[in-house]
Amino acid sequence: MALSQIAEIGNLTLVLGLVVSLYLIFAAIFSQRKQRPEFLVSVKHGVWVIAGLTTLAVFILEWALLTHQFRFEYVASHVSRDQPVLYTVSALWGGQEGSLLFWVWLLSLFSAAVLIQHFGQRNPLVPWVIAFMAFTQAFFFALLVFITGPFTLLAQTPADGIGLNPLLQDPGMFIHPVTQYLGYVGFTVPFAFALAALVTGDLGYEWIRVTRRWALFAWLFLSLGLLFGMRWAYVELGWGGYWGWDPVENAALIPWLTGTAYLHSIMIQEKRGMLKVWNLALIMLTFLLCILGTFITRSGVIQSVHAFGVSSMGPLFLAYIAAALVIFTYLMYRRLDQLQEENRLDSFWSREATFLLNNLILLGAAVATLWGTIFPMLSEIIAGKQITVAAPFFNQVNGPIFLALIVLMGVCTMIGWRHASPRHLLRNFIPPAAVALSAALALALLSVRDLYGLIAFTAAAFVLTTVLLEFYRGIRARMRMYRENILVAPAQLVNKNRRRYGGYITHLGVILAVIGIVGSTFFQTDIQKNIAPGETVSLGRYTLQFEKLKMTQEGNAQVIGADLSVFENGVLVDTLRPIKAYYAAADQMTTEVAVRTTALEDLYIILAGWNDDGSATLKVIINPLVVWLWIGFGVFVLGALIAMLPDPREAQAVERVRAEKALVGASSATAP
Amino acid sequence: MASVLQNSPAKPVARASGYSLKYIFGVIVLLGVIGFVMFNSFQSNAVYYYTLSELYAQQNELIGRTLRVNASLDKASIVNDQKNLILKFNLIEGEHALPVVYRGVAPDTMSSGESVVAEGKLDGSGVFQADSILVKCPSKYEKSPEQY
Numbered sequence: 005m006a007l008s009q010i011a012e013i014g015n016l017t018l019v020l021g022l023v024v025s026l027y028l029i030f031a032a033i034f035s036q037r038k039q040r041p042e043f044l045v046s047v048k049h050g051v052w053v054i055a056g057l058t059t060l061a062v063f064i065l066e067w068a069l070l071t072h073q074f075r076f077e078y079v080a081s082h083v084s085r086d087q088p089v090l091y092t093v094s095a096l097w098g099g100q101e102g103s104l105l106f107w108v109w110l111l112s113l114f115s116a117a118v119l120i121q122h123f124g125q126r127n128p129l130v131p132w133v134i135a136f137m138a139f140t141q142a143f144f145f146a147l148l149v150f151i152t153g154p155f156t157l158l159a160q161t162p163a164d165g166i167g168l169n170p171l172l173q174d175p176g177m178f179i180h181p182v183t184q185y186l187g188y189v190g191f192t193v194p195f196a197f198a199l200a201a202l203v204t205g206d207l208g209y210e211w212i213r214v215t216r217r218w219a220l221f222a223w224l225f226l227s228l229g230l231l232f233g234m235r236w237a238y239v240e241l242g243w244g245g246y247w248g249w250d251p252v253e254n255a256a257l258i259p260w261l262t263g264t265a266y267l268h269s270i271m272i273q274e275k276r277g278m279l280k281v282w283n284l285a286l287i288m289l290t291f292l293l294c295i296l297g298t299f300i301t302r303s304g305v306i307q308s309v310h311a312f313g314v315s316s317m318g319p320l321f322l323a324y325i326a327a328a329l330v331i332f333t334y335l336m337y338r339r340l341d342q343l344q345e346e347n348r349l350d351s352f353w354s355r356e357a358t359f360l361l362n363n364l365i366l367l368g369a370a371v372a373t374l375w376g377t378i379f380p381m382l383s384e385i386i387a388g389k390q391i392t393v394a395a396p397f398f399n400q401v402n403g404p405i406f407l408a409l410i411v412l413m414g415v416c417t418m419i420g421w422r423h424a425s426p427r428h429l430l431r432n433f434i435p436p437a438a439v440a441l442s443a444a445l446a447l448a449l450l451s452v453r454d455l456y457g458l459i460a461f462t463a464a465a466f467v468l469t470t471v472l473l474e475f476y477r478g479i480r481a482r483m484r485m486y487r488e489n490i491l492v493a494p495a496q497l498v499n500k501n502r503r504r505y506g507g508y509i510t511h512l513g514v515i516l517a518v519i520g521i522v523g524s525t526f527f528q529t530d531i532q533k534n535i536a537p538g539e540t541v542s543l544g545r546y547t548l549q550f551e552k553l554k555m556t557q558e559g560n561a562q563v564i565g566a567d568l569s570v571f572e573n574g575v576l577v578d579t580l581r582p583i584k585a586y587y588a589a590a591d592q593m594t595t596e597v598a599v600r601t602t603a604l605e606d607l608y609i610i611l612a613g614w615n616d617d618g619s620a621t622l623k624v625i626i627n628p629l630v631v632w633l634w635i636g637f638g639v640f641v642l643g644a645l646i647a648m649l650p651d652p653r654e655a656q657a658v659e660r661v662r663a664e665k666a667l668v669g670a671s672s673a674t675a676p
Numbered sequence: 007m008a009s010v011l012q013n014s015p016a017k018p019v020a021r022a023s024g025y026s027l028k029y030i031f032g033v034i035v036l037l038g039v040i041g042f043v044m045f046n047s048f049q050s051n052a053v054y055y056y057t058l059s060e061l062y063a064q065q066n067e068l069i070g071r072t073l074r075v076n077a078s079l080d081k082a083s084i085v086n087d088q089k090n091l092i093l094k095f096n097l098i099e100g101e102h103a104l105p106v107v108y109r110g111v112a113p114d115t116m117s118s119g120e121s122v123v124a125e126g127k128l129d130g131s132g133v134f135q136a137d138s139i140l141v142k143c144p145s146k147y148e149k150s151p152e153q154y
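Top to bottom, those sequences are chains A and B.
Okay, so the first sequence: first residue is 5 according to the working numbering, each after it adds one.
Okay, so the second sequence: first residue is 7 according to the working numbering, each after it adds one.
So here's chain B without its partners, still in its complex pose (with noise of 0.2 angstroms):
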């Protein structure tokens, strides 16, 4: 290894090529080391979309996982606790309705929200215990915080 790192006075120019196996190896290894912590922690932390039905399909095996749920707002149905911080609303795709409970500040957009992902887990009882909301607007409102 020691004379592949040592430029010769005759050839003082060097290939391309020359980089020595443990340079290539030391940045394999360290490329193996982010591509194993990004794979590892994508693993636990990947979040599948469902839509109402199919999370109706699937609601014995879902229940207690991480989900995110994607459907129509049904704003009659909007409860807003502002005492207790306890936010619950409908949310409905054809004849299916998933009640959702929301524990914190409610989005200012809520209102006049059209549809909502939201993301939690979907308890024992049928409910969805959200963590996070995402409120979408009507397309009047072209421009959602989250497009800028």
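Pulled out of the complex, with its shape left as it was, chain A reads as follows (with noise of 0.2 angstroms):
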């Protein structure tokens, strides 16, 4: 088969793909709206295809990529000869095209996955929420019919492409995107539940209850999302830190706080009965900030509102926003009366005060974040100046409101529901208050100064004892109870109420990164010099020897690196080798740091640069406890998995439910 017909093929896809999402909507719709069942079939059919569709496009761009077709304008300028396999593989996300095209096949592929779930049942939910997701493909494939194409063909095929950014080229931006885009992509289906519920009428707990795994999904993922992109941004920007508040790194962010705020305040709906507007609200907002989120990644559009007109894309973006935004808001509008609270606040010493105020300050971080960041877009539109903030700004409104979130963590764990007696509040307060003041002494005393990290770190060992203390009472309960030994009492307390104890393994995940976070801001120290071999540069403990310069050929960079000999404390622990990597192909330099890692800090070192004399600059930096940031998100996503697991509890609530549903129902059949 000719090139030109394997790309003809390509396109085909893509605007079938979009036909076929247009009849779903318009089918899903009219089954019910006219109670015409037949077309339900075909809805179900057109789900199948259209991940075929997309399947099939996935699989000619990657196959593209992978046999070197030059001739594709996206192949020429993701890919090179020299390229190694694997980020040959991950180019199909690399570029725009092919991460639109990356986002409607994960969407086609959750589609298929609702209707596999809902598979033999009669949800009169599922038609709708095909329906939106339908209409939500037909907007990419849209963009990719119309705007921004990854089955363009160049006139001549070239000798050999680009390749895709040497930045990129590294294993965690293999993965980072995928697992960005697997959250931002989740979250369409509890959204497209919440507006079927909202179009039917049946606004009880059952939308949140089938979505709630979806929802910890997508939630899980933006986590992952987040922990490979800072990993990255730490091993491969090479300026020490992990975090720096680019519009990038926000947009992934925001969504994430406002998905955390959902997750907690669902409870109270599922327990209470309250909080249902703002149930819905709340994931309408974390919906619409994955798709925000989107778009600024992908159009550049923070840096200049210029490229905005350079493609159409940012206008049809803003359309498809204001779209959903006005459907959904309109049907909320309609349905408030049917939105009333069940139960109200019994007193502010209640876990749902605490859930009610976590929500709000989640809230105001992300109206924070979100305000930094698109700020100088609007004054660039509004005022035609562009004013920007840069990282003090996020960093003095979102410390204290961490701060106070992390606190309130603590407190949460330690107040019941409904009302709390003030005494027993009082009683479980005072341990973890007394670690934390010691931890606080005890590091005064070890000569920590800086105020703010001593706060935090006061904070966090507040938290972390509740947490832990938690988990001790529940496991003596257990080895007193059940008569267990102390191995299998914690694995059954967690086993027994895995949402539960998920959680607070979460919450446990959270702690370690604050902890690990709060050393390396507050306490990181640095030094930059100029050394010939055989000179040597001390920081901390640490003295490191240079030795030489060395030039290597790695693959498809020439390496230049700078050989280390590590002392600590006098004695010889390691050898390391900053090195910068010349990407021929591309014209560009990337720097690759050096790091050694231990329980209580990191050493970094970045080779700044060489001179003709055979000297090196190195700029050292020592970063305390970084590395239980890393632990902590581990840990964190243990709990979350753990809270996704089937939970016996729930299925026994369910059983209830539908028993008392064919109750009713049986009772209303035999009373005319």
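Among these hints, one or two may not hold up.
Computed Cβ-Cβ distance ranges for the label pairs, DEER-style [claimed, not checked]:
id	chain 1	residue 1	chain 2	residue 2	range
1	A	V45	B	G32	48 to 58 angstroms
2	B	L27	A	P650	41 to 51 angstroms
3	A	L322	B	D129	35 to 45 angstroms
4	B	S138	A	W375	14 to 24 angstroms
5	B	I34	A	T333	21 to 31 angstroms
6	A	L16	B	I34	54 to 64 angstroms
Computed cross-link-like contacts, DSS-like style, restricted to lysine-lysine with a CA-CA straight-line distance of at most 27 angstroms [as the list claims (entries may be wrong)]:
id	chain 1	residue 1	chain 2	residue 2
7	B	K89	B	K28
8	A	K48	A	K38
9	B	K89	A	K554
10	A	K389	B	K127
11	A	K275	B	K28
12	A	K533	B	K127
13	A	K533	B	K94
14	B	K127	A	K552
15	A	K389	B	K142
Hint data in this document are derived by calculation from the structure and do not stem from the laboratory.
The beta carbon of each residue, even a glycine, is placed where N, CA and C say it ideally should be.
Two chains, two separate frames, one set of hints: put the complex together.
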């Protein structure tokens, strides 16, 4: 088959995808509005067809990338012959067209997954869910068909491609976009169910129950996206940090914040039938922020609004967001009378109140971050002048907000539902407060002088104690009641209430990460020095001896590295080699740092430059405790996974509701 | 207030508007605090973008203020003192040329850069002392790191 025919097939899959999506919107709505269930059969088939079409399109593009079909414009600009296979695979999501195709592919797979999940059930929400997901698919297909297609052919076949940006040739950047997109796309499902609930008027807990795992799944992948993005920045960008409040980083963080708020506040609706409007608004916000995140990441609009005019993607994205916003808000307004609270807040001193506060704080952080992120764009549009804020703004605003959030995390664990007695609360409060104060005292005696760092560590110690106490009490109770031994009791404690203890494990992960963040933010030290071979540079306990510069060819890059011997308190402990790599194909240099990680601190070395006389300029940084950030993320993920496992309690509750419904159905059937 | 908080047994289902003033007040105070902190630190951290012609039009008022300039990079003017980590280059726009000094590790993309966004202060002698620089590359690199 000729290449042009293959490209035609690729384009055809996208056009057909668009047509079928539009049909699905129509057929799904028609089947429900006009009570024509036969249309529903074609809707189901349509979902499979779209999943097949997008899979074919992804397959074609990936084939073109892997076999170096440089006549494809996308291949020519994202792959080169000397590029490792791993990054040839990941070039699929390394550029704009490919990543939009990747988006719609994930979405079509998720639609199919929703169908499978509800196979054989008559869930009246599902047709509406499919209709909305098809609407979103149609939008992305339209972008790919009309604006920016991945199957465009060049007039001539170049001998070699430009290759993937060397900065993206890193394992972290292989995995980061995948996880980020799974998160972004994943939130479409709970949002579509919320929309379906509004349309059908089935506004109880059902839509949340059905999508709780979807929301957790999406949120988990947003978290992983943040983790891999931070890890990539830390090892690949080479400035010694992992978070710079860059617009693209913020675009990933903001939906994570609102998603976190959502996962907490739906518990209130589940337990008390409260916050119904709030939860709907939160899931809408989270979903739209995911779309906005995709847009910000893909368009580069924040750097300059001029990027907005270059392709018509910008207005289309805004139109989509506006459409989803208007439809959802209108439906919510129409159903307001059905969204009454079943209970009200009994007391300030209740877990509900702390959840509410946690929601407001998370939302505050999201709004502040969003404001700082889009303000340059707004000011350029409105005043014709770009006004930016950088890291200090985000740190000053979000620092206190996150501190309050952490403290609240501890308080929330100690406080009961509905109405806690102050005496009980005080009794719970004393042990963690005592631990926190001793920790503060100990740190002060260890000459930790940074006030903010000290406060943050104290807060972390407080919360850590409350969570550990919670586990201790639970384990002790099980050992007494069920005579379980010290190994069985903790496992059973988590196993018997996976959601609750999964949540606590997630909190534990957050606190560990906080310890890493505080350590590396407030107690970082660094030194820059130009040294000749044989000379040394010292920082903290470490002394680095520069042996020599060495030039090598590694894969598609020319590499120059500085061989260093690392002495800790005068003892040789390691040899490190920070390098700079020059990628000739892309005419670009990248810095690869050398890191020695211990539980206490990272020794982080950047080769800043070298000179003809054989000397090298090194930047050496000590990042205290930073490894706990990554460990904390690991614990966090484990907790989220445990909370996602099937829960026996939940299954019982569902059975009970089903039985009640059946009973009601039976009685109403016999009544007349 | 207390009576509002107690559900009377006859009417167990509360209305949405049933939240007491106390809570609404609390929410307003909280949002107010966040808003105040946001506004305040926005004021002290806002940095204005200038083109070179704007910069030279108001040169005297802008001395010593933190600002951002965005202009083309004169590649021939780059002097990178790697031993002392002092990077010097000129930004150009029309007939204007602004000398910039940056103390730190030069970005890897410097030599292939097309334009530069520099944040820092203009000193009395007309030299821009940059605290941070961001190099923008020709469009064939579609994917600058900031876009990810």
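> Which numbered hints does this structure break?
Replying inline: 7 and 14
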